[in-house]
Amino acid sequence: MAPQLSWYLALSAVLFTIGVVGVMIKRNVISMFMCIELMLNAVNLTFVAFSSFFRDVTGQLFVFIVMTVAAAEAAVGLGIIIAIFRSRESLDVDDASTLKL
Amino acid sequence: MLALRAKMPALRMQNHLLSLIIFAPLAGAAINWLVGRRLRNERFIGLVACGSVAISAILGFYLAFKSGGALRSTQPVMDHLWTWIQVGNFRADFGLAMDRLSGIYVLFITFVGFLIHVFATGYMHGDGGYYRFFAYLNLFMFAMLTLILGDNFLLMFVGWEGVGLCSYLLIGFYLDKAEAAPAAKKAFVANRVGDWGFVMGILLLFWMTSGAGAPSISFFDKPGVASALQTVAHMPIDGFTWHAIFAGGISSIAVLLFIGATGKSAQIPLYVWLPDAMAGPTPVSALIHAATMVTAGVYMLARCSAIFTHAPFAMFIVAIVGAATALFAATIGLAQNDIKKVLAYSTISQLGYMFLACGVGAFIAAIFHVMTHAFFKAQLFLGSGSVIHGMHHEQDMRRMGGLRKYMPITWLTMCCGWLAICGVPIWAGFFSKDEILWKVWVAGSANMPAGAAKALWFVGIVTALLTAVYMTRLMVMTFWGDERFSSQHDAHGESHADDHHAVTPHESPWSMTVPLIVLAMLSTVGGFVGVPYAISSLAGGHPINYFEEVLAPAISTVPATHAPEGEATKLHWQSPPPQEVDGKPAVAPVGEAPGAATEHEIPSPQELNEERLLALVSVLIALSGIGIGWLMFERKPLRAMPRLLENKYYVDEIYDAAIIQPINVGSREGLWKIFDIGVIDGIIHLIGGAVVRFGRTIRYMQIGFVRGYAAIILAGALIIIGYFAYSGAHVLRFLVR
Numbered sequence: 001m002a003p004q005l006s007w008y009l010a011l012s013a014v015l016f017t018i019g020v021v022g023v024m025i026k027r028n029v030i031s032m033f034m035c036i037e038l039m040l041n042a043v044n045l046t047f048v049a050f051s052s053f054f055r056d057v058t059g060q061l062f063v064f065i066v067m068t069v070a071a072a073e074a075a076v077g078l079g080i081i082i083a084i085f086r087s088r089e090s091l092d093v094d095d096a097s098t099l100k101l
Numbered sequence: 001m002l003a004l005r006a007k008m009p010a011l012r013m014q015n016h017l018l019s020l021i022i023f024a025p026l027a028g029a030a031i032n033w034l035v036g037r038r039l040r041n042e043r044f045i046g047l048v049a050c051g052s053v054a055i056s057a058i059l060g061f062y063l064a065f066k067s068g069g070a071l072r073s074t075q076p077v078m079d080h081l082w083t084w085i086q087v088g089n090f091r092a093d094f095g096l097a098m099d100r101l102s103g104i105y106v107l108f109i110t111f112v113g114f115l116i117h118v119f120a121t122g123y124m125h126g127d128g129g130y131y132r133f134f135a136y137l138n139l140f141m142f143a144m145l146t147l148i149l150g151d152n153f154l155l156m157f158v159g160w161e162g163v164g165l166c167s168y169l170l171i172g173f174y175l176d177k178a179e180a181a182p183a184a185k186k187a188f189v190a191n192r193v194g195d196w197g198f199v200m201g202i203l204l205l206f207w208m209t210s211g212a213g214a215p216s217i218s219f220f221d222k223p224g225v226a227s228a229l230q231t232v233a234h235m236p237i238d239g240f241t242w243h244a245i246f247a248g249g250i251s252s253i254a255v256l257l258f259i260g261a262t263g264k265s266a267q268i269p270l271y272v273w274l275p276d277a278m279a280g281p282t283p284v285s286a287l288i289h290a291a292t293m294v295t296a297g298v299y300m301l302a303r304c305s306a307i308f309t310h311a312p313f314a315m316f317i318v319a320i321v322g323a324a325t326a327l328f329a330a331t332i333g334l335a336q337n338d339i340k341k342v343l344a345y346s347t348i349s350q351l352g353y354m355f356l357a358c359g360v361g362a363f364i365a366a367i368f369h370v371m372t373h374a375f376f377k378a379q380l381f382l383g384s385g386s387v388i389h390g391m392h393h394e395q396d397m398r399r400m401g402g403l404r405k406y407m408p409i410t411w412l413t414m415c416c417g418w419l420a421i422c423g424v425p426i427w428a429g430f431f432s433k434d435e436i437l438w439k440v441w442v443a444g445s446a447n448m449p450a451g452a453a454k455a456l457w458f459v460g461i462v463t464a465l466l467t468a469v470y471m472t473r474l475m476v477m478t479f480w481g482d483e484r485f486s487s488q489h490d491a492h493g494e495s496h497a498d499d500h501h502a503v504t505p506h507e508s509p510w511s512m513t514v515p516l517i518v519l520a521m522l523s524t525v526g527g528f529v530g531v532p533y534a535i536s537s538l539a540g541g542h543p544i545n546y547f548e549e550v551l552a553p554a555i556s557t558v559p560a561t562h563a564p565e566g567e568a569t570k571l572h573w574q575s576p577p578p579q580e581v582d583g584k585p586a587v588a589p590v591g592e593a594p595g596a597a598t599e600h601e602i603p604s605p606q607e608l609n610e611e612r613l614l615a616l617v618s619v620l621i622a623l624s625g626i627g628i629g630w631l632m633f634e635r636k637p638l639r640a641m642p643r644l645l646e647n648k649y650y651v652d653e654i655y656d657a658a659i660i661q662p663i664n665v666g667s668r669e670g671l672w673k674i675f676d677i678g679v680i681d682g683i684i685h686l687i688g689g690a691v692v693r694f695g696r697t698i699r700y701m702q703i704g705f706v707r708g709y710a711a712i713i714l715a716g717a718l719i720i721i722g723y724f725a726y727s728g729a730h731v732l733r734f735l736v737r
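If you read the protein sequences in the order shown, they are chains L and A.
Using my numbering, read the first sequence as starting at 1 and increasing by one per residue.
Using my numbering, read the second sequence as starting at 1 and increasing by one per residue.
Simulated from the structure, these hints should not be mistaken for lab results.
Among the clues, some could well be false.
Simulated restraints, written as ranges between beta carbons of each label pair [claimed, not checked]:
#, chain 1, residue 1, chain 2, residue 2, range
1, A, I703, L, I80, 14 to 24 Å
2, A, G716, L, D56, 21 to 31 Å
3, L, A71, A, G716, 24 to 34 Å
Every residue gets a Cβ at the ideal spot worked out from N, C-alpha and C, and that includes glycine.
Chain A with its partners taken away, still in its complex shape:
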C-alpha cells in the first residue's frame, strides 16, 4: 500500500477542464440573473442556460471517454483549485476529482440535465419569472456537479447544501401558489434534519482518522493528503450488533451518513417533503426530485462504500429502510390522483430500491438503477409535464383520459418510460431492477441473517408488482378511456377554470417533444450497458457486463464474501489487521485492477440458472402487474381507492400531531411565554426595576443645599480616612517606608 501511495502522484492527472464543468453552469446562472433579468428575452435566456449545461455535458463526455479519461483509466482525473482549509496536518481542498463513479454521475446528470433544460424552455414559455427559473436551474447544476465532483466530504457538503438551497428556491418558484412556499419550507427543514446526521458523520470520520494518525476527510490520495476511505478500509470490521452503532466507530459514522442520505434521498422517516415538492414546476420535479438531486444519497453511500462495508449492521439498517420505503411509497402511489404525486411516490419507492441494493452491498447495481431511473423517471416526469402543459395546468388524472389521440408523441414516449419502470425486458428498468433483486436474493451469504435476504427480496418483488400496477393506472387514467376533461361540471376554483370548457388538449412544441423522444430512447436502450452475464450469455459467447466492469474499481465490495470466517473471530480482531488474515486487502486498491479481473469469474451454472429463474419471475411479476392494473382501471379508471392509501397513511397528520404541533406548542407556551417572557424578559425587567428603585431611594440625598453636599463629602472623606486608620495601618507604614 505504501508503494502504491508513493507512485500515485506520478500517475495522477491534473486537468483544469474539470473545473469548467462546474463553473460553466455557475456562469450561466450569473449571466441569467444579471443580464437576463434586464433583457427579458426568452431566446437569450434559454440559450445561455442550455448552452452552459451543454458545455458541461460535452466536457464531461470528453473527460470521461478520452484516452486516459476517467472511465478508461483507473486513476481519477483531478483538478486542485485551491487549498481551502489547512490546520496542522489536516487539509481540505477545493479540489475536484472525476473517477469512475463520479464520471458516470456527471455523464447522466449533465446529459439528462441538458435535455430537461431544453424541455423547460418550452414548458416555462410565457412565465414572468423565466430568467429567475433558469438562473436557479443553472445554479442547481453547479451545486449538483460540485457535490459529485468534490474530492472530499467538506466540498461534497457544500454541493449538498447548494442543491438543497436550489431545491428550496425552485419548489417555491410559483410565488402565487399558496402551497408552494410551505412545501419549500418543508423540504428545507426535512433536509436540515438529515444534514445534521451528515455533518456529525463527517466530524466523527475526521475524529476517527485523526485517531488513526492520518486526519483526513478526503476521498482520494493526494500529495499531502491520505484518503480517509482508505484509512477506514484498513480498520477492522465492526461487529454485527446494536452496540456497534452507538460505539462511535465505523458503524456510527455509517448510520449518521445514512441519516443524511434519508433526508436528501427521501427515505423513511424523512421522505415527507418529496411529494409536497411537486408544487414546483414540472421540469424541476424531473431534474431535481427524480433524476439527480434525490440520488445524491445513493451516490454518497456508494462513495463511502469502504465505510459501509465495514459496518455490517449499518448496512442491514440501510437495506431494511430501503425495502420498507420502497413498499410503503408504492402502496401510497397506488391511490394518488395527482399525476405528479404518483410519480413522486414512485420516485421514493425506486430510491428505496437503490438503498436496498446499497444495503446488501450491491453498490454497482444501485448506481446502475440510479442511471436507468434518471432516464425513465425524467422521461415520465417530462411526459407528465407535457400532459400538464397540454391540459393547461390540469394535474388531476380524474379530469384526463383518452389523451393518446391528442398527444401521440407524449403518449408513445411515456409508454417507453412506463415499460421501463415496470421492468419489462429490453427496457432499461428491467436490467437494473432485476440485478438489484438478484443481488438481494443472494445477499444471505454476506453480512446479513440468511432469512432476512429472502424477506427483503420478497418485499422487493411485491414492490415491483405494485409499481407495475400504479404505473399502469397512471397510464390508463391519462391516455386511455373516456375524455373526462370535456365534462367539467364541478366549480373548479382555480384561475384557469374558464379555459377548461373551450380548449382541447394539444401536443407540445418540439422543444418539449424532442427531449421526450431522446429520453424515451434512452429508457429503452439505456439498460444494455449493464446486462448481467446470466442474461447476456444466453445469446452465446462470454460477454462482459460493461457497467459493472467500469465501476468495480471504484467501489468497495463486502469483504465477508471473500473471507468465509466466523463472526466471532472478526469481533476480536484487535492486533492483526484483517487484510493480513485473509491474505488480500479488504478493498481493491484503486491503482491496480487485478482484483477486478479475478472478481468477475464466470458464476457456476446453478447460480446462472437461479439468476435466470429469478429474472423470469420478475418479468412475470411485471407483466402480471400491468395486467392487473389494466383489468382494474381500463373499465373503471375512477375506481375508489382505499381511503388509508389515498390519505398517505395519515403520515403527514401523524408527524403534525407528534412532532410539529408539540414543537409549536412547546415553543409558544414554553419557550416564548415562560422562558422568553418569564426568564429573559424577567431578568431584564428585574435589573431595570432595581436600578429605578435604588435611584428613587438615594435621590433624597439631593437636598439642594451646598453645605449639605459639603457635609456628605466630609463624611465620605472621614469614612475613607477612618478605614485606613483602623484596618490599614500597615498600608500607611508601607507608604512611609
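Bound conformation, chain L alone:
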C-alpha cells in the first residue's frame, strides 16, 4: 500500500504534539529548545507533504524559509541560554522567573 497523505499528516501531528507537551512539561531549557525545533520540523513535514500532494513547489519554498528562521532562532536562543546559565548557574527555566510583578 502506497503512503497516503494522511499518514504524513498524522506523523506530523504526533511530532507537533510531542513538541508542545515537551515545552509544557520540561524544565530544562535545552530540552524545551529541542521541543521547539521538533514542532518546527513537524510543520516542515506538513509543508513538504502537501507540496508533494498538490504538485506545488511553494510548500517546499516555505520549508526553506522555516529552516532559515529556525537556524537564526537557534543561534539567538543558544546565546540567551548561555547568558542565562552564566548568570544563574542553572538551566531550570523556573529559576528564571524574575520577569513578573
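Model the placement of chain A on the given structure of chain L, informed by the hints.
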C-alpha cells in the same frame, strides 16, 4: 437692461490710481510701524502719516472731479486688482469702484482724515506711542477706504472688519488707562454681534441671487459679474408685514444688514460701546467715532438702497430704530459731564437721524447729513481735544468754564460747530437736518403708515430741540461762566493732579488750530452744496440742489412713490415683474440718467410752502433750544441733572444684569463646572481609569514562568484553531479549493 449691460464694458473706466488711494495709507502705516518705531522722530512720523493721507486725498479729488471722473460721469471709476474667489460662475474680486456715492465718501473721509492727522501731530506730541498711534491711524484709513471703495460685499466686509480692528487698537491705545482696555473689548464684542447680522445678510443675498440664476455679491456690473443689487432691484417688492422679515427674502436680508449697521453705527441696541470708546485719544474719537467709521452703516444702507427699497417693513424698522436712538441718546447727552461723553451721545443721536432718513427712503439726505456731520462733529471733537489739551487732560466740564479768554481760536471755531449741529441757518447742519425732517414729514405717502411719518417727524423735532439744549450746555459750561478750574479743592486722584494748581489753560499750537479753523469753515459753508430747492428758490431763479443731483443716479428711490398702487396687488406679484407693471424700472439704471432729470421736477407751490414752513419751524426749534440752554445753564452751569439721565438710563447696568452676568455665570457654572469639568474631563478620566483598571486586572497574567507563557500561547492557538474547526469549516474548504 440687457442692452445696457452689453454696452457697459465699453464705458467702464479702469484706473489704477484708485488702488493707490487705499494703498498709500497702508504704506504709511507700514513705514511708521517698521521705520518710525526705530527713529522715534515725531517730525518724520507725522510727515509720513499726513503725507500718505494727503496722497489719498489728492488722488480722491482728482479721480472724482477730473473729466469723466466719478462725480462727473454716471459710470464708476473701477480698478480690478485681482480675482479673489472664483467658484463656478460666482466671482468675488479684489476690485475697487468709485461711483458717486463712494466718491463723496472718499472725498470727505480723506480730507477730514487729513485734517485730523495734522491735528493729531500736535495733540499726541510727547506721547511714548507716537509711532504706534500714527501706524494705527493710517491703517484705519486704509481699512476705511477699502470699506468704501470695495466693489462687492466681501471686500466691503474686509474693510468693515479692518476698521473694527483699528477702532479696537486705538480705543485701547492708552495702555496705562484702566478703562481703556475694557472699553476696547466692549467695542469689539458689540461690533461682533452686529457683524453676525452683516455676514448672514451677505450669505442670504448670495443664496437669493443664486436662486435667481446670477450668483453675485457685487455692487456693480462687471465683465462676467452681474450686479447683485440689480438682480434684487428686478425682484418683486416684499409685503409690508412682519412675516416678510422671517421669510428669508429681501426683507430678511435688509434686516440682517441693518443689524450689522446697528453694531458699526452705534444704534439701539448695540450703541453702548460708543460712549466708552471715548477712552481713546481725542483725534481717534473725532476720526473714527464721529466722522468716518460710525457712518459706515449709513454708507452700507445707502449702497444697498436697492435692497432696502424692496423691503418696506425693514425700512420702517430702520426708521423707528433711528428715531428712537436719536431721541434716546439726546436725552442722555443732556446730563453728561464729560465733554467727550456729551459729544459721543450727540454722535449717536445724529447717527439716529441718518438712519431715520434712510428708513424713510431719503438716502441722499442721509448721506448729506453724514457729510455735514463729518465736518461739524470732527470740528467739535477736535475742539474738545484742543480744550482737553489746553486743560492738561481735564475732561470734566465741571472743572472748566470761562475758557474763551484763554483759548479764543478754539472757542470761535467751536461756536461754528455748535451753531451747525444746532441747525441754525447758513451753517451746514441746518440744511441736512432740515432736509431729513422734511423728507420724514412727507414720507407718509411712501411705504409707511401715514401717521407714523408724522410721529417720527415729531421725534426728530424734539431731538433737534434737545440737541440744541445739550450743545448749548456744553458750550456754556466750557467757555462761559466762572473759571472753575482754578478752584481745585477735591483730592483729584489722577496723575496730573499736581498740574492743576499751577498751570492755567493755554491755546493750542498751530498744528491743532489750523485744522480747527478749516473744519469750522467747512461747518459753516459745507451745507451750501445741498441747499434744497424750496430754500434756494427764495433767492430767485431755478437753482438745482447740486448734492442731490450728483447722488441721485447712485441711489435707488422708493418705487412706491412713483407707482401709486394698492398694497394688495403688490403682494400678489408673482409672474409679471414690477417694472413692466408701472412701465418704468424700479431702479433708475446706472448707465442712463433720464430718470434723474424727470425726478427733479419743480415741486408744487403748496409743497414748497409746506417745506419752507417746516424749515422755519426747525429754525425756531433750534433757536429756542439754544435759548433754553442758555437760560438754564448760563447762571447755573452746575445745575443738577436728573439722575436717570446722568446714569444713562442704567442701560449698561441692565445689559450687565440681563446679558453679561447670565453669560458669565452660565459659562462659569454651566459650561465650565458642569460641561467642561463634568462631561469633557469626565469622559477623559473615564477612559483613562478604565484602561488603568483593565491593566491592573490582566497584569496577573504576567506570572514570570516561561512555561506559563507557553501555556497561554498554546491556549490562544487552541482557541483559534477551535474557532475555525467549529464555525469556519467553509473557510478551510475555501482554502483547500
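Item to check | Hint numbers not upheld by this structure, sorted from lowest to highest | outcome: When the structure is compared with the hints, none of them turns out to be violated.
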